[in-house]
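Number of protein chains: 2
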Amino acid sequence: MPKPPSSPADAYRPTDRTVPTRSADRASYDRELVHGILDETYLCHLGFVRDGAPVVLPTLYARVGERLYVHGSTGSRPLRTAGDTADPGLAVCLTVTHVDGLVLARSAFHHSINYRSVVVHGTAYQVTDPGERRAALDAVVDHVVPGRSYDSRPANAKELAATAVLSLDLDEVSAKVRTGGPNDEPEDLSLPHWTGVVPVVRGYGTPVPADDLDPAVGLPDYLTVL
Amino acid sequence: MPKPPSSPADAYRPTDRTVPTRSADRASYDRELVHGILDETYLCHLGFVRDGAPVVLPTLYARVGERLYVHGSTGSRPLRTAGDTADPGLAVCLTVTHVDGLVLARSAFHHSINYRSVVVHGTAYQVTDPGERRAALDAVVDHVVPGRSYDSRPANAKELAATAVLSLDLDEVSAKVRTGGPNDEPEDLSLPHWTGVVPVVRGYGTPVPADDLDPAVGLPDYLTVL
Chain R
1 MPKPPSSPAD AYRPTDRTVP TRSADRASYD RELVHGILDE TYLCHLGFVR
51 DGAPVVLPTL YARVGERLYV HGSTGSRPLR TAGDTADPGL AVCLTVTHVD
101 GLVLARSAFH HSINYRSVVV HGTAYQVTDP GERRAALDAV VDHVVPGRSY
151 DSRPANAKEL AATAVLSLDL DEVSAKVRTG GPNDEPEDLS LPHWTGVVPV
201 VRGYGTPVPA DDLDPAVGLP DYLTVL
Chain B
1 MPKPPSSPAD AYRPTDRTVP TRSADRASYD RELVHGILDE TYLCHLGFVR
51 DGAPVVLPTL YARVGERLYV HGSTGSRPLR TAGDTADPGL AVCLTVTHVD
101 GLVLARSAFH HSINYRSVVV HGTAYQVTDP GERRAALDAV VDHVVPGRSY
151 DSRPANAKEL AATAVLSLDL DEVSAKVRTG GPNDEPEDLS LPHWTGVVPV
201 VRGYGTPVPA DDLDPAVGLP DYLTVL
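Residue numbers (the UniProt record's numbering), protein chains in the order written: chain R, 1 to 226; chain B, 1 to 226.
Incorrect hints may have been included.
The list cannot tell twin chains apart, which means a pair is met if one copy fits it or any two copies do.
Using 20 Å as the maximum straight-line C-alpha spacing, the simulated SDA-like pairs for lysine to any residue come out as follows [as the list claims (entries may be wrong)]: (1) K158 with S23; (2) K158 with T128; (3) K158 with P130; (4) K158 with D129; (5) K158 with L191; (6) K158 with S112; (7) K158 with A139; (8) K158 with E132; (9) K158 with R133; (10) K158 with E185; (11) K158 with G131; (12) K158 with L189; (13) K158 with D138; (14) K158 with L226; (15) K158 with R134; (16) K158 with L170; (17) K158 with D51; (18) K158 with R22; (19) K158 with Q126; (20) K158 with A135.
Simulated from the structure, these hints should not be mistaken for lab results.
Could you build all of it, start to finish, from the sequences and the hints given here?
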């Protein structure tokens, strides 16, 4: 269960749509917890409404302070036109989820998943300032592989212009966390089924150099510590 | 790049909203490819519209033939009331994404991710038939841990009634796949940056028995092969 934040400034303010109607004990608005969940991965699922219907697309993102930057070149016109002069921004919901374990209870009903998720509601805007756009793209690259933006050719003007970047401020935000073992019913405790948690692990395999890489170029340190 | 399906019956029919406006060469409607991506994991991101705004929640699902079942007890009222008598179903977008590798190009611009994703558009309905509801819940448990539904106490009537299950037919469906190495510009090939792919691996750690598990209950075979 998430810890309560130590002061109101350390927490996002709950709103009607960030207070769940069930499992409310798993919800948290703690800023540090939210940042940690967001910083641990680089892929989010971004939802928006197109022609009245929901659309959910996977996309890369990075956090810079209280602002998220989302890589908008996902083939979706609403993402590429959000915040154009004629457009007041795009209502989005950005969700990030880590699965930490499979929770196997003695009863089918109490099976669960240990997870940590963050849901961000808000309005995404196209980043038009060239400096902010460049910094945002570097942040996305470095969010995937810390240190990498310094070891690659920076985007030129044409490339920068071809990349859509959206910003989304962290304001209406909540986390949900489930940890621990199964919660079996007392009358099930003597059932003969194995019960516990299977940890889910994530990691990286050995980097595979491109066919055309000069063999003199060794593996950089930042890839050995991934 | 995805293979073309061998016959029209092996593919979903593309629609306006499943044909991307960019990176269209990564799109596929191949049924077998879609099923494979859906069956490889158990967590989706489900999008719907609430009060005109998008909502994206992580939730468990399973595929049974051309139908997905989604565990609807996510604390969200729209998911729990979809398909009630007064409700014609809930427009949803269900997205599943596997990240397979980090693609490090010599230029920041050509950095990418190897991934496989499926996006399903459609209408989700509450599953009300008790038999289908039970089968759907078993399918969700077995989708997470194959074989587990036979080694746990089945849901009783009260538990079944307390669990929301939604169905979503596979009809308007597309996959997107990126594989392979970086696509650097010819003029960048001599730059001194390491370039290639860092594989992303997923797996399971050693199962952790619950504190109250009878030590005589050994680890079941289906957990040793996860």
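Going down the list of hints, with the structure as the test:
In this assembly of identical chains, the alpha carbons of K158 and S23 lie at most 20 Å apart only when taken from different copies (18 Å versus 48 Å within one copy). In this assembly of identical chains, K158 and T128 lie within 20 Å of each other by CA distance solely inside one copy; the values are 14 Å within and 55 Å between copies. Only within a single protomer do K158 and P130 lie at most 20 Å apart by alpha-carbon distance; the minimum there is 12 Å, versus 58 Å between protomers. Taking identical chains as interchangeable, the C-alpha atoms of K158 and D129 lie at most 20 Å apart only when both belong to the same chain, with a minimum of 15 Å there against 57 Å between chains.
In this assembly of identical chains, K158 and L191 lie within 20 Å of each other by CA distance solely across copies; the values are 19 Å between and 65 Å within a copy. In this assembly of identical chains, K158 and S112 lie within 20 Å of each other by CA distance solely across copies; the values are 18 Å between and 48 Å within a copy. Taking the shortest Cα distances, K158 and A139 sit within 20 Å of each other inside one copy (19 Å), while across copies they are farther apart (49 Å). Only within a single protomer do K158 and E132 lie at most 20 Å apart by alpha-carbon distance; the minimum there is 16 Å, versus 55 Å between protomers.
In this assembly of identical chains, the alpha carbons of K158 and R133 lie at most 20 Å apart only when taken from the same copy (13 Å versus 54 Å across copies). With identical chains, the CA atoms of K158 and E185 are at most 20 Å apart between copies only, with a shortest distance of 13 Å across copies and 62 Å within one. With identical chains, the CA atoms of K158 and G131 are at most 20 Å apart within one copy only, with a shortest distance of 14 Å there and 58 Å across copies. Only between protomers do K158 and L189 lie at most 20 Å apart by alpha-carbon distance; the minimum there is 19 Å, versus 64 Å within a single protomer.
Proximity of K158 to D138 under the C-alpha cut-off of 20 Å is restricted to the intra-copy arrangement: shortest distance 16 Å within a copy versus 53 Å between copies. Neither within a single protomer nor between protomers do K158 and L226 lie at most 20 Å apart by alpha-carbon distance, with minima of 31 Å and 47 Å respectively. With identical chains, the CA atoms of K158 and R134 are at most 20 Å apart within one copy only, with a shortest distance of 12 Å there and 56 Å across copies. Taking CA atoms no more than 20 Å apart as the test, K158 paired with L170 passes in neither setting, with 30 Å inside one copy and 40 Å between copies.
With identical chains, the CA atoms of K158 and D51 are never at most 20 Å apart, being 31 Å at best within one copy and 39 Å at best between copies. Taking CA atoms no more than 20 Å apart as the test, K158 paired with R22 passes between copies only; the shortest distance there is 17 Å, against 48 Å inside one copy. For a Cα distance limit of 20 Å, the shortest separation of K158 from Q126 inside one copy, 17 Å, qualifies, whereas the shortest one across copies, 49 Å, does not. In this assembly of identical chains, K158 and A135 lie within 20 Å of each other by CA distance solely inside one copy; the values are 16 Å within and 54 Å between copies.
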